[in-house]
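Engineer: So the protein sequences, as listed, match chains A and B. For the first sequence, our numbering gives the first residue as -6, with consecutive numbering after it. For the second sequence, our numbering gives the first residue as 43, with consecutive numbering after it.
It is worth saying that the hints were derived from the structure and are not from the lab. Note that beta-carbon positions come from the ideal geometry of N, C-alpha and C, so glycine has one too. You may find that some hints are simply not true.
Stated by the list, open to error - Once the Cα atoms are required to be at most 25 Å apart in a straight line, the calculated BS3-like pairs of lysine-lysine come out as:
1) B:Lys45 - A:Lys34
2) B:Lys112 - A:Lys33
3) B:Lys45 - A:Lys29
4) A:Lys33 - A:Lys46
5) A:Lys31 - B:Lys112
6) A:Lys33 - A:Lys2
Stated by the list, open to error - Distance windows between CB atoms, simulated:
7) B:Ala43 - A:His70: 28 to 38 Å
8) B:Thr47 - A:Val53: 24 to 34 Å
9) A:Gln88 - B:Ser84: 39 to 49 Å
10) B:Gln99 - A:Glu(-4): 23 to 33 Å
As the list claims (entries may be wrong) - Covered stretches of chain B, as calculated for chain A (at least 3 residues, CB under 8 Å):
11) 86 to 96
12) 143 to 153
Residues per chain are reported as follows:
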Amino acid sequence: DTEVTQTPKHLVMGMTNKKSLKCEQHMGHRAMYWYKQKAKKPPELMFVYSYEKLSINESVPSRFSPECPNSSLLNLHLHALQPEDSALYLCASSQDRVGELFFGEGSRLTVL
Amino acid sequence: AQKITQTQPGMFVQEKEAVTLDCTYDTSDPSYGLFWYKQPSSGEMIFLIYQGSYDQQNATEGRYSLNFQKARKSANLVISASQLGDSAMYFCAMREHFTGNQFYFGTGTSLTVIP
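Go ahead and model the full structure; you've got the sequences and the hints to work with.
Structural biologist: Right under this line is the structure:
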């Protein structure tokens, strides 16, 4: 059982839709991450929150908007996406500045 | 320069045999951690093994061991007694003390176990 829970597991949306991906962890981790992954490629870092503050933004387009409501939750709001944004979106958490990443099972996004 | 290099895009191994997946890294930070992850076709990234830069001994976790050669900056994953369920993508990653929450991933190796 993964200790990082992501919902939904699959999402299909049109280019004009607004949707959100959600992530939750109860391991007491203070760092939370969003990664984007294309098939057969490594995960690409999008955002990192440390103690609920955005600490890394890897020049992600504004159509992706992260939110960290509290230390256990991480959201990724999606608006006006493009077909090339179709990918597996992975949420992860870790202790701040040490230890391994714990990944969720991912949300597989298709943009039509 | 690439922080993590995995030079084997694809590997094949016979069931029950051992296989080594290569990983080299580049850092000037004396304090860092090295990680291996497995990603089956289902998509979940599964943590396998960790090696700290100050660890004196090579890490082992069940059938997984990490061949850590600090002077050569290599951290190869050895899987013993391969099983069909080991077929997956394998990623090597590094975390530096200085850069904190930034993880660097290699391009991955696709391992196929042949019955």
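Engineer: Hint by hint, say whether it matches the structure.
Structural biologist: Hint check results:
1. B:Lys45 - A:Lys34: holds, 16 Å
2. B:Lys112 - A:Lys33: Cα-Cα ~28 Å, so violated.
3. B:Lys45 - A:Lys29: With Cα atoms ~19 Å apart, Lys45 of chain B and Lys29 of chain A stay inside 25 Å; holds.
4. A:Lys33 - A:Lys46: violated, 31 Å
5. A:Lys31 - B:Lys112: Status violated; Cα separation ~31 Å.
6. A:Lys33 - A:Lys2: holds, 19 Å
7. B:Ala43 - A:His70: 28 to 38 Å: Once the Cβ atoms are compared, 35 Å apart, the range 28 to 38 Å for His70 of chain A and Ala43 of chain B holds.
8. B:Thr47 - A:Val53: 24 to 34 Å: This hint holds: roughly 25 Å between Cβ atoms.
9. A:Gln88 - B:Ser84: 39 to 49 Å: Once the Cβ atoms are compared, 26 Å apart, the range 39 to 49 Å for Ser84 of chain B and Gln88 of chain A is violated.
10. B:Gln99 - A:Glu(-4): 23 to 33 Å: holds, 28 Å
11. 86 to 96: With 5 residues close enough to chain A, the hint holds.
12. 143 to 153: Answer holds; 8 residues pass the 8 Å Cβ test.
In this structure, the hints that do not hold are numbers 2, 4, 5 and 9, in rising order.
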